[in-house]
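> Residue numbers (full-length UniProt numbering), protein chains in the order written: chain A, 1 to 447; chain L, 1 to 517.
Just so you know, not all the hints are guaranteed correct.
What the hints assert, rightly or not - Partial list, computed: chain L residues near chain A (C-beta under 7 Å):
#1 Leu35
#2 Glu38
#3 Val55
#4 Ala224
#5 Ala227
#6 Leu229
#7 Gly307
#8 Val342
#9 Gln344
No lab work stands behind these hints, which were simulated from the structure alone.
In this text, a Cβ means the ideal position worked out from N, Cα and C, and glycines have one as well.
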Amino acid sequence: MRYLPLTEADRQEMLAAIGAPSVDALFGDVPAAARLDQPIAGLPNHQGELQVERALSRLAARNVPAGSCPSFLGAGAYRHHVPASVDQLLTRGEFLTSYTPYQPEVTQGTLQYLFEFQTQVALITGMDVANASMYDGATACAEAVLMANRVTRRNRAVLSGGLHPHYRDVTATTTGVLGVDLVTLPADPKGIEDLAAAIDDKTSCVVVQNPTLFGHVADLTPLAEACHAKGALLVVVVTEVVSLGMMPSPGSMGADIVVAEGQSIGNGLNFGGPYLGLFATRDKFVRQMPGRLCGETVDADGKRGFVLTLSTREQHIRREKATSNICTNSGLCALAFTMHLSLLGEVGFTGLARLNHAKAVQLADKLAAAGVSVLNQGFFNEFTVQVKGDAAALVDRLAAEPILAGVPVSRLHPGQADLADLLLVAVTETTTEDDMDALVQALGGKQ
Amino acid sequence: MNTQGRKTTPDVESAAATDVGTYTGNRALVHEEPLIFELDNPGVTGVDLEAAPAVASRLGGLKAREGIGLPGLSEPTVVRHYTRLSQKNLGIDSTMYPLGSCTMKHNPRLNEKLARLPGFGDIHPMQPQSTVQGALELIDQLAHWLKTLTGMPAVAMSPAAGAHGELCGLMAIRAALQARGETGRTRVLVPESAHGTNPATAAFCGFTVDAIPAEANGRVSVEAVKAKLGPDVACIMLTNPNTCGLFEPQVKEIADAVHAAGGYFYCDGANYNAIVGRVRPADLGVDAMHINLHKTFSTPHGGGGPGSGPVVLSDALAPYAPLPYVVHGADGFRLVEHEGEVEQGAQPFGRMKAFHGQMGMFVRALAYIMSHGADGLRQASSDAVLNANYLKARLQDLMSVPFDGYCMHEALFDDRFLKDTGVTTLDFAKAMIDEGFHPMTMYFPLVVHGAFLIEPTETESKATLDQFVGAMRHLAGKAKAGDAAHFLAAPRYTPRRRLDETAAARKPVLRWAPPAV
């Protein structure tokens, strides 16, 4: 039992100091009927590092890593190259094994990177202020609707049909118990919905994803104006944060709250978690924000330092009157994000976005040339193609090769016959020309 | 825990400013490190990208963005920056970190290694399920351990953290009440000693919160609960072992009373680490309990997350578990992602998270659990409780104890022993920093004045505990001897001395901005 330092002699000595006859005696408050005298039956006993590694490696080997074959999977999770230094620095024990920075004198490292992270998120979203992270993009989206309701004192949110269905569902689950009225527009594969028409004087916010689930990109300025004319807020969702290196910032288009999935920068796919919710807004709304905030201050010597601040919004102070119940967030994922973005810098971040876009254009052109129908006029690094027959069946078939051909829309919008032949195809800097040719061959040649 | 709203600067003039007298302001191993924005060298980058294919942009008429304002840094600058920042942090790797309720135990590195295997770290949540059978099996194996250890029939794996798990449990309760047609049950009972997340979650889930007072012995009594029960009560949220570090001796009676009144028992499992392998929550009448994998099962806290908060559920609540979840069928493991795919009787209340849960944390937790095994997990909780009782026994003559008797995994003290010394709990905590320890949780639970909540965990050796006892006794003696100045000036040896939290909140500066020219 390599993680347990006490010896049997230690235990006896300690029991003597306590004056207890046995460790069992320390559990005397447990009702007798609920006390267990033995380790729980039917479970294996302790194992060495080698044995555990062997067992879990076997399970890992039964999965097909996205990096081991041509992969075009996106829809809210993207495979990007993370520089080696990110993970090396991330595992420094002073970062990895520290707690939430409640004692600022011994956590200036965490606090300073959170302050830098908040600034980076504000810059790329074009907003005034960002928090220290949420669980993921979907929970951030739900929190944005609740925040918009607090700000506007209204109770009706309009969700775009281009919003990722999982974001829609998390928002519906979270806000449904509070009686929020959600107006959910139907799936919008062609990017033609009229969101402005759905706004009325009871609308607290419009939630729009850009690029949409189907990859469409839009200038949101007219929508922002339509929202503001009716006293509603515009909530912009970004599921591929690399797009912010090329697309106009949501802030510049009039967004009031921006939420994003930050996984693309610094964080691996990890089968869907842990991920990183980004949350940014205007200065005037900061006291209605959920989540932790790091702020600048000075120490007793007048030197600059950082602390958690505006905590009177939070559960540990306000209890049932808090803006959210969130406590633990995605600190280490935020660290990975901020380190990767620091490495990229202005040149790297804008260059990475342009590289992603150019490769996506290249693949779209190759597919079109092979006779595959691409639905999008404009897109960033993901677009929708129409295949012959059922897209999910096609994807399953190609997985055997293996080619991870993309996400069939039916996996996210099940039971809609008109969407069954649609496939979401994502391209990143990790996609090679050989990968592209394999997909073109599979979609264009074999159908 | 928090110090917000509390004065953090000492009342008397502290010792003179620590002018180190070096040219750089550095102190040997401790560097003054600027913000990344102040290190900006425009045009420099730490990432080399291949040339983009020459194609015309197709951004739907949008103009490509310029001038974001991100700083340019090379890889060596970045590596040094974060290395220096790390040196301004304490972690469990550095020292004993006895934050009560937070369970700062050793984080085995095997777990980090395994979570990074491409077969776990590089799989996409939307891959065809035939290509992720090992991942689904891992989730199923971890679920099996959690169910067997707790004795509960079901577990919802997707919640992202403890508070998220609380929300999951309360939503399941809400759904079950709705299915029973009892929508009038809108009140949730929460003891005064509860974590702040409990009342916050209840409110976040649309319930009203009714506080149950703590008894003089730090426990919740069945009488106090009964006095609050009624036809409008949805559930009780009870932490067990509780936030005072005590096992609730009447927990079963409380559960029975709540059930008899038609309510459910939500157990806050933040302190489950004290009883793993010694008590099964199912035997206490629990209907739902979250398990903080980042506490009990040692996934790293990471400076504030990510966590993971699976929720074990009783038969009464199991049908309402959220999507998605893993089932084992004839042809392998399958992820149930939509309402149209659920088995007979299941009525999932919705979805908690974009994807399937905190897979990276699942791998680490399962590696930890398998390393310990059934025997080791029981030994770990036994040692955690032994360590806490040892600290209590060695300190109770000098420090004041609010509740007599054995404790569980946390030793709780109050600030009576500091009466008339001019030293507060906060001052004492800052002096512990100078002694090389991370402070305990302070001012929580709220039911104890000036609380010191000390959780050593099972991974501290007796030698470390003895050194900690020595330091605490030294400090308690110093306070009682009238040396308040020692505490008011602390910490002295940290990269920053006490930080002005009041000023930070009064005029918030939440991001860097270029200096005004």
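> Are the hints correct? Go through all of them and say.
Here's how the hints hold up against the structure:
Annotation: Leu35 of chain L was flagged as interfacial toward chain A, and the flag holds, the nearest CB pair being 6 Å apart, inside 7 Å. With 7 Å as the threshold, the beta carbon of Glu38 of chain L stays out of range of chain A, its nearest partner Cβ sitting at about 10 Å, so the hint is violated. Below 7 Å, beta-carbon pairs count as interface contacts, and Val55 of chain L has one with chain A at about 4 Å; its hint therefore holds. At a threshold of 7 Å, the smallest CB-CB gap from Ala224 of chain L to chain A is about 17 Å, leaving the interface hint violated.
Annotation: Ala227 of chain L was flagged as interfacial toward chain A, and the flag is violated, the nearest CB pair being 20 Å apart, outside 7 Å. Because the closest C-beta pair between Leu229 of chain L and chain A is about 19 Å apart, greater than 7 Å, the hint is violated. Below 7 Å, beta-carbon pairs count as interface contacts, and Gly307 of chain L has one with chain A at about 4 Å; its hint therefore holds. Among the interface hints, the one on Val342 of chain L is violated; its C-beta lies about 12 Å from the nearest C-beta in chain A, farther than the 7 Å criterion.
Contact between Gln344 of chain L and chain A, as hinted, is not supported at the beta carbon level, the nearest pair being about 19 Å apart and thus beyond 7 Å.
Of the numbered hints listed earlier, those contradicted by the structure are 2, 4, 5, 6, 8 and 9.
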